[in-house]
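Trainee: Working from the sequences, and respecting the hints, build out all of it.
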Amino acid sequence: MIESHGLTLTYPGGKGVFELDFVIEDGKTTGYLGPNGAGKTTTIRALLGFMKPDRGRAAIDGLDCFADAPRIQRRLGTIPGEISFPEKMSGREFLRFMNDMRGERGKREAELLALFDLDPSGRIAKFSKGMKQKLGIVAAFMHDPQVLILDEPTSGLDPLMQSRFVALIRQERDRGKTILMSSHSFEEVDKTCDQVLIIREGRIIHEGSTEMLRRSRTRTYLLQAARPDAAASALTEAGFPARATDNGTIEVPVSGDAVDRFIKTVAALQVVDLNVKHQSLEEHFMRFYQQGGEEGSR
Amino acid sequence: MSLALLRYTIRKNGLLLVIFYAVLAFYLAVMISMYNPEDMAEITGMLDLFPEDLMQAMGFSQQVSDLTGYLASWLYGLLMLAFPMVYCIILSQRLVVRKVDSGSMAYLLATPNSRIRIIVTLGAYALLSVGLLFMLLFGTGVALAEAIHPGQLATKQFLHLNITTMLVNQLVIMIGFFFSCLFNDASRAGGFSAGLPIAFLLLNMLGGVSEDYQWLKRLSPYGWFDPLEQIQGEMPWTVNLVYASGAAVLFGAAIFVFKRRQLPI
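These protein sequence lines are chains A and B, in that order.
Position 63, counted from 1, in the first sequence is what the numbering used here calls 63; the numbers after and before it change by one each time, with no gaps.
Position 220, counted from 1, in the second sequence is what the numbering used here calls 1220; the numbers after and before it change by one each time, with no gaps.
If you are wondering where the hints come from, they were derived from the structure by calculation, not from laboratory data.
Keep in mind that the hints are not guaranteed to be accurate.
Facing chain B, from chain A, some residues (calculated, C-beta under 10 angstroms) [unchecked claim]:
#1 Pro70
#2 Glu87
#3 Asp100
#4 Met101
#5 Arg102
#6 Ala140
#7 Leu168
Since the model is a prediction, treat every value here as computed from it, not as a measurement.
Quick reminder that beta carbons are idealized off the backbone N, C-alpha and C, glycines included.
Mentor: Dropping the structure here:
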């Protein structure tokens, strides 16, 4: 079980995380979403015992994350956000070193190397970004830890390897592991996690099931219609805040629970093209962010 | 103490020790082979041509004639302080702050080893490697002297000289190690870890220039012993104890600050 109670950790510049409260039950996989600089890595630093909270406490399986860090590490696997390996080592040397430091044999090492198609014999300094990430994944999972704390674990992986990673997380979830995984990709979290924490400017603004989040997220559709003015007014009438852009495309933000109604409204129009706008996480969860902002200013 | 980490540290830093040992052993060999009792008077005469202040600043004294005094004056006055100082600065930075700055410390701490255990292991390597360096140099000196000038080196006095020089260097590496544990930023730690020993060495040299400035030596740990006195009497327990306790206090302080530190890794 991973818990955080009133966890507050501030940096000299005033940024940080404030009053974080969450509990991740045993066997649950939780996605930790938020834009860059929101405080995901800071939370993870507190959970790993690298930083001591100013107030509040973080605990894993009842052990204090700062004071009992070595005991926690015995059952923990982690991938740092910005992976930096000990210098001048080959991948194989690094894995052996981690096994030695843990005092146990990485029983899943060979299996994981095969899964991610990684040859660890070369020097890490010569590895590509993706290979380093794979090596980090192998090091985090090879001793089969009960708790996993992963900071943007798929960054740098190609789509094939990302999907293998997703499969690995699902497998571990089914084996009863407790997992906290930060990300800024909703898709990745959607595919793997039971529940989601959303953090913004150091505060958790949403905690709930992935299912609920899926329903409440907002997508922006780009509609090109034969008669743009008529289309825009039809959508506005149906309750969608449609907005015509300069190039004749209409932008329509649609929340997850209104997709069906949107499609049916659009079906009555003469459509030239319909597309989904590529969005940042922040735009995806505009509703949460806006609510969070209001709460924050209250 | 983590044996796995110690093995890794030896593998990654052993070469640095070998290089410094090789350079110093080379100097030792050259100095011993250049020694010639009959020529000592001539050398002394030649040295009179140089300004006396300069010679004294370099730690070279002119009134020695035996091999042990010759080495104490010509090698242990400056070279055996300055070269190992560079080693101490480089190693102390490598051991801790470079790992914190690059973030690879995260991997050491992502294992069931406490911060104390990791710092004790790294600090122990620092002390042991300086110890080994001087024990090797002592052995090399004895062997070379025996081969080139049999019976001329006062082994016991030469050992005393090496022990005290080793201890002052262990104090210096602990200064660097302490700052290496205190800061996140490699350049800031490097500034203190290098700046302080260099300042000490300069004070020691300035203090040697003339009687009037001898008090400067007192400000520098390097000036708390005189190599030439080391080879005359018994083991200088007091100054040895001061160096050893200084190193121990700094080691303790390094562990203390690192255990409580916020590590943005």
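Trainee: Each hint needs a verdict: does it hold in this structure or not?
Mentor: Here is how each hint holds up against the structure:
Here the hint on Pro70 of chain A is kept, as its CB sits about 4 angstroms from the closest CB of chain B, short of 10 angstroms. With its C-beta approaching chain B no nearer than about 7 angstroms, Glu87 of chain A sits inside the 10 angstroms limit, and its interface hint holds. Using the Cβ-Cβ criterion of 10 angstroms, the hint placing Asp100 of chain A at the interface with chain B is satisfied: the shortest such distance is roughly 4 angstroms. At about 4 angstroms, the closest approach between the beta carbon of Met101 of chain A and any beta carbon in chain B falls short of 10 angstroms, and the interface hint on this residue holds.
The beta carbon of Arg102 of chain A comes within 5 angstroms of a beta carbon in chain B, closer than 10 angstroms, and the hint placing it at the interface holds. For Ala140 of chain A, the interface hint holds, since its Cβ comes within 10 angstroms of a Cβ in chain B; the closest pair sits about 8 angstroms apart. Proximity of Leu168 of chain A to chain B is violated relative to the hint, the smallest CB-CB distance being about 19 angstroms (cut-off 10 angstroms).
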